[in-house]
Amino acid sequence: MTRWGRYLRSATGLLIASVGCVTSPQGGAGDSGFALTIVGGDHQVAQMGQRLPQSYIVRATLDGDPLPNREITWTVAVGSGSVDPVTSVTDQDGLAETTHTLGLEVGAQEVRATIADLAQPPQVTFVTQVELLPAPPRVVSLPIPANYGIHDTFVRDGVAFVSAWNSGIIILDVGGGGRGGTPEAPVHISTIVTEAAPLQTPSAHNAWWFHNPVSNERRYLFVGQEGPGTIGANSSGDIHVLDVSDLENPVEVAFFTVPGAGAHNFWMDEARQVLYAAFYNGGVVALDVSGVLAGDLADRLLAQTIPGGQGSTAVWGVMLAGGSLYASDMISGLWRLDPVSLVPTGGGFNVPERFGSDLWIAGSYAYTGTWGNREGTLGNAIKIWELGEAGPALVDSVLIPGIRTVSDLQVSPDGRLLIASAEGAEGSGIYVYRLSEPTKPQLAGLALVGTGIHTVTLAEVMGKLYAFGAKNPAAPALEIYDLSGFVP
Amino acid sequence: MITTRLVLLSWTATVLLVQSVASQTTVGWMAGAIAVSTTVDPIPEGGRLTEWRVVQPIVGGHGGFLDGRIWWKAMLNFEGVTIPSGELTPGGFGEGFVDRRHPHTYAHEVMVGTTAEWDGGTWVAGLAAGKGFPAFGSDDPMGRDPVRFPVNHHWAQVLERLVILGQLRYRQAVIEGSLFNGDEPESPADGPGLDRFGDSWSLRLSLFPIDGVEFQASGARILAPEHPEGDGHYQEMVSVGGRLERLIGGRPSYLMAEWARTSEADGAFTFYSFLGESATHLGRHRLYYRFERTDRPEEERLSAFRTPRPPVDDHLIGTTRWTIHTLGNRFAAWRHQNTVVEPFVEGSLIHVGKIGEGVFSTRDYYSRDRIWSLSWGVRIGIGMMGHRMGRYGSLTRSAGSVPEEHIHD
Numbered sequence: 024m025t026r027w028g029r030y031l032r033s034a035t036g037l038l039i040a041s042v043g044c045v046t047s048p049q050g051g052a053g054d055s056g057f058a059l060t061i062v063g064g065d066h067q068v069a070q071m072g073q074r075l076p077q078s079y080i081v082r083a084t085l086d087g088d089p090l091p092n093r094e095i096t097w098t099v100a101v102g103s104g105s106v107d108p109v110t111s112v113t114d115q116d117g118l119a120e121t122t123h124t125l126g127l128e129v130g131a132q133e134v135r136a137t138i139a140d141l142a143q144p145p146q147v148t149f150v151t152q153v154e155l156l157p158a159p160p161r162v163v164s165l166p167i168p169a170n171y172g173i174h175d176t177f178v179r180d181g182v183a184f185v186s187a188w189n190s191g192i193i194i195l196d197v198g199g200g201g202r203g204g205t206p207e208a209p210v211h212i213s214t215i216v217t218e219a220a221p222l223q224t225p226s227a228h229n230a231w232w233f234h235n236p237v238s239n240e241r242r243y244l245f246v247g248q249e250g251p252g253t254i255g256a257n258s259s260g261d262i263h264v265l266d267v268s269d270l271e272n273p274v275e276v277a278f279f280t281v282p283g284a285g286a287h288n289f290w291m292d293e294a295r296q297v298l299y300a301a302f303y304n305g306g307v308v309a310l311d312v313s314g315v316l317a318g319d320l321a322d323r324l325l326a327q328t329i330p331g332g333q334g335s336t337a338v339w340g341v342m343l344a345g346g347s348l349y350a351s352d353m354i355s356g357l358w359r360l361d362p363v364s365l366v367p368t369g370g371g372f373n374v375p376e377r378f379g380s381d382l383w384i385a386g387s388y389a390y391t392g393t394w395g396n397r398e399g400t401l402g403n404a405i406k407i408w409e410l411g412e413a414g415p416a417l418v419d420s421v422l423i424p425g426i427r428t429v430s431d432l433q434v435s436p437d438g439r440l441l442i443a444s445a446e447g448a449e450g451s452g453i454y455v456y457r458l459s460e461p462t463k464p465q466l467a468g469l470a471l472v473g474t475g476i477h478t479v480t481l482a483e484v485m486g487k488l489y490a491f492g493a494k495n496p497a498a499p500a501l502e503i504y505d506l507s508g509f510v511p
Numbered sequence: 152m153i154t155t156r157l158v159l160l161s162w163t164a165t166v167l168l169v170q171s172v173a174s175q176t177t178v179g180w181m182a183g184a185i186a187v188s189t190t191v192d193p194i195p196e197g198g199r200l201t202e203w204r205v206v207q208p209i210v211g212g213h214g215g216f217l218d219g220r221i222w223w224k225a226m227l228n229f230e231g232v233t234i235p236s237g238e239l240t241p242g243g244f245g246e247g248f249v250d251r252r253h254p255h256t257y258a259h260e261v262m263v264g265t266t267a268e269w270d271g272g273t274w275v276a277g278l279a280a281g282k283g284f285p286a287f288g289s290d291d292p293m294g295r296d297p298v299r300f301p302v303n304h305h306w307a308q309v310l311e312r313l314v315i316l317g318q319l320r321y322r323q324a325v326i327e328g329s330l331f332n333g334d335e336p337e338s339p340a341d342g343p344g345l346d347r348f349g350d351s352w353s354l355r356l357s358l359f360p361i362d363g364v365e366f367q368a369s370g371a372r373i374l375a376p377e378h379p380e381g382d383g384h385y386q387e388m389v390s391v392g393g394r395l396e397r398l399i400g401g402r403p404s405y406l407m408a409e410w411a412r413t414s415e416a417d418g419a420f421t422f423y424s425f426l427g428e429s430a431t432h433l434g435r436h437r438l439y440y441r442f443e444r445t446d447r448p449e450e451e452r453l454s455a456f457r458t459p460r461p462p463v464d465d466h467l468i469g470t471t472r473w474t475i476h477t478l479g480n481r482f483a484a485w486r487h488q489n490t491v492v493e494p495f496v497e498g499s500l501i502h503v504g505k506i507g508e509g510v511f512s513t514r515d516y517y518s519r520d521r522i523w524s525l526s527w528g529v530r531i532g533i534g535m536m537g538h539r540m541g542r543y544g545s546l547t548r549s550a551g552s553v554p555e556e557h558i559h560d
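These protein sequence lines map, in sequence, to chains A and B.
Per this note's numbering, the first sequence starts with residue 24, numbered consecutively.
Per this note's numbering, the second sequence starts with residue 152, numbered consecutively.
Hints in this document: simulated from the structure, not taken from any laboratory.
Be a bit skeptical, because a hint or two may be false.
[As the list claims (entries may be wrong)] The calculated label-pair distances, taken between Cβ atoms and stated as ranges, are: (1) A:449 <-> B:190: 38 to 44 angstroms; (2) A:375 <-> B:190: 31 to 37 angstroms; (3) A:240 <-> B:372: 27 to 33 angstroms; (4) A:107 <-> B:372: 34 to 40 angstroms; (5) A:66 <-> B:197: 45 to 51 angstroms; (6) B:338 <-> A:216: 27 to 33 angstroms; (7) A:98 <-> B:521: 27 to 33 angstroms.
Quick caveat, the model's predicted, so the values are computed rather than measured.
Idealized CB from N, CA, C, for every residue including glycine.
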């Protein structure tokens with residue numbers, strides 16, 4: 024085509040645009056001869072935050088003939104949702120598609136498709152009507168002292184151990200503590216401020232109440248202390264061991280230190296009496312916690328691994344499942360480890376675009392959260408993994424619009440619900456997904472919490488499923504939600 | 152509660168003004184504002200942004216009563232109205248803002264004090280109280296040449312606290328000590344935490360060897376500035392600096408250099424800053440230059456320009472080192488009595504480097520490690536000449552400002 028011919032086409036496009044014919048819900052024409060039409064996916068009705076079940080599909084043509092190998096740009100025009108991919112290339116039939124994860128606005132949300140690299144690109148707009156999601160009912164909001172607030176809650180047998188940073192461990196009867204407490208009306212049993220040493224502050228971050236099947240004791244509570252540090256470089260904080268035989272009078276009895284590293288989340292092989300602890304840059308440690316625990320537990324160390332290597336390891340959490348230990352490393356991704364030696368047996372360096380956060384294993388699937396900002400990509404995704412012989416294999420992701428971190432996640436005991444806590448922007452809160460298809464979580468409920476939920480813990484209490492959320496400062500609280508409405 | 156504190160402070164300022172006028176003692180007042188357009192490229196998360204804002208809108212005064220035995224000094228700042236979301240300032244941080252300079256509180260400074268002399272003025276003792284500047288570090292950047300605030304604002308000054316300050320001067324040396332609340336403001340309308348008063352302290356030694364030249368060395372121990380409840384770690388701060396403001400070669404000239412160090416959480420985090428700045432007059436132009444190299448903690452962000460306050464934990468994601476050259480010129484376009492209108496233009500070239508380990512990556516946030524900013528606009532000042540905030544009692548005698556008649560040819 025000559026230069027004048029191109030000018031003529033552009034002028035024609037401008038003329039068409041000037042009379043308002045460029046965009047319509049069904050199709051659009053731009054540079055003369057180029058056209059874009061909607062083939063599928065328009066006018067869906069869904070609930071906010073959902074990934075739409077049907078892809079948006081367009082057909083690009085030139086003078087009525089399919090236009091292959093042209094880039095289509097997808098832009099969210101209305102709403103805070105996202106599209107994946109943001110560009111796609113037409114096939115031999117001129118077809119291209121994307122999927123839309125809806126934002127959190129009720130009403131019409133729109134996505135615009137255009138043919139890239141044209142002066143007057145034709146465009147079409149997909150419109151989806153968005154309905155409100157049901158919010159899980161909050162049954163109580165229990166204020167926590169504002170000393171950094173609440174970081175995690177461990178619930179077992181109707182007793183909740185709230186890790187409240189410098190306020191220590193707050194022990195609550197939420198239905199099984201014998202004080203008449205319920206999730207709707209927790210009853211305070213006791214509070215113990217754990218030792219600050221070797222740091223300046225107790226910084227109680229997480230806990231695990233050890234039910235020892237060998238001794239039949241419920242004696243020890245392991246507490247993770249999360250001290251000052253720079254993620255990816257160094258961290259600080261011990262494991263503190265409390266004797267909670269008498270819940271009203273807990274006593275600190277032992278500690279464990281990893282020099283230059285600090286404790287984060289725990290898991291236990293209770294039958295083997297082994298405590299697994301994530302230690303950020305210190306990797307993963309396995310401790311023998313059999314028998315009586317007292318003083319420095321340095322000689323109880325069974326194994327330690329730094330799966331990503333020095334400088335590329337910041338392990339957030341661990342979980343034992345199916346005979347393997349899995350570790351979620353913020354930097355180097357999801358690992359499978361031998362539970363005895365802690366030697367990596369699979370995975371690793373498998374989430375390069377985002378920092379990782381928490382993990383949960385359910386059957387042959389794993390779910391991991393993401394965190395912060397890595398190479399400009401926010402931690403707004405839940406990664407879905409299939410656990411095979413070779414280790415974890417990424418099969419899909421769920422994006423959550425309007426957040427910057429998926430800080431915690433857990434699957435319900437029956438495997439039907441996935442729950443996630445989110446922080447960082449207007450979408451902060453608690454997300455409830457149905458796992459009818461384990462690789463396709465469907466958003467079923469959402470409780471928005473302005474300052475964010477730092478962690479969420481699922482527990483069955485008195486026959487009902489509850490979520491225990493740690494609401495961030497400035498007004499920190501233990502927020503308990505009744506999830507029984509989401510259980511089929 | 153916040154409103155009550157604000158009303159009390161405003162009431163105090165009003166009473167002081169009325170008292171001074173009624174007792175016919177010296178009263179001075181001032182007002183000013185800067186209308187500025189700032190362009191920054193790149194901003195956090197990439198791209199270029201230009202904003203028009205009115206910054207540093209202030210009304211203030213000073214005076215005395217009881218035959219001058221009692222002095223007062225007050226300044227109201229209306230940035231809470233004009234820049235509630237802060238001012239574009241690459242590198243700036245503090246009070247939950249990042250790469251934006253936070254708005255100051257409405258009651259920026261409301262101080263009352265007294266001084267007493269002995270031995271013909273060889274010895275001077277002073278006591279001051281109110282909301283203002285503890286004895287630490289250098290002058291408030293608002294009273295200095297560049298419109299752009301330095302990155303080290305929270306390492307080199309402590310301000311907007313409920314403070315009691317004692318002074319003792321012997322000839323050309325002044326030692327000061329102050330007690331104050333450690334928590335920094337949470338919003339422009341926030342008053343100082345009364346329940347936190349006394350949890351933090353500072354000391355400063357100032358020397359004035361010749362007229363217009365001064366040196367200072369100071370230290371402070373501040374409890375949990377980012378946590379209103381006071382639960383958190385101490386910041387241990389050191390600052391040394393020198394300042395010259397006098398005629399050099401017949402031109403009013405200004406030089407300042409400072410070094411500061413802040414250590415937090417028992418040494419878990421340490422940040423350094425060096426800053427030097429100078430200014431001189433060429434006709435009706437005032438040319439100025441600042442060099443700064445300051446370490447900044449990098450925290451996880453809530454958005455491109457905000458970090459959580461209070462923080463939920465004690466983690467950083469890294470430390471950056473900001474090296475900034477700022478060059479500017481302001482032009483006294485119109486002057487009448489004590490009012491001056493000055494168009495200005497000011498540019499900064501910035502390099503962001505990462506020091507130490509951590510997951511923070513400059514490219515994650517800025518797309519590259521070199522940033523530029525350009526500001527232009529107009530300053531309007533009434534009665535502002537030589538005003539230095541945070542200097543009380545006998546320190547005002549050594550302000551070192553160049554006499555007004557020398558400012559313009």
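Now for the hints, and whether the structure bears them out:
1. A:449 <-> B:190: 38 to 44 angstroms: 27 angstroms, violated
2. A:375 <-> B:190: 31 to 37 angstroms: 34 angstroms, holds
3. A:240 <-> B:372: 27 to 33 angstroms: 45 angstroms, violated
4. A:107 <-> B:372: 34 to 40 angstroms: The hint (34 to 40 angstroms, Cβ to Cβ) is violated, given that residue 107 (chain A) and residue 372 (chain B) are roughly 51 angstroms apart.
5. A:66 <-> B:197: 45 to 51 angstroms: 34 angstroms, violated
6. B:338 <-> A:216: 27 to 33 angstroms: 31 angstroms, holds
7. A:98 <-> B:521: 27 to 33 angstroms: 30 angstroms, holds
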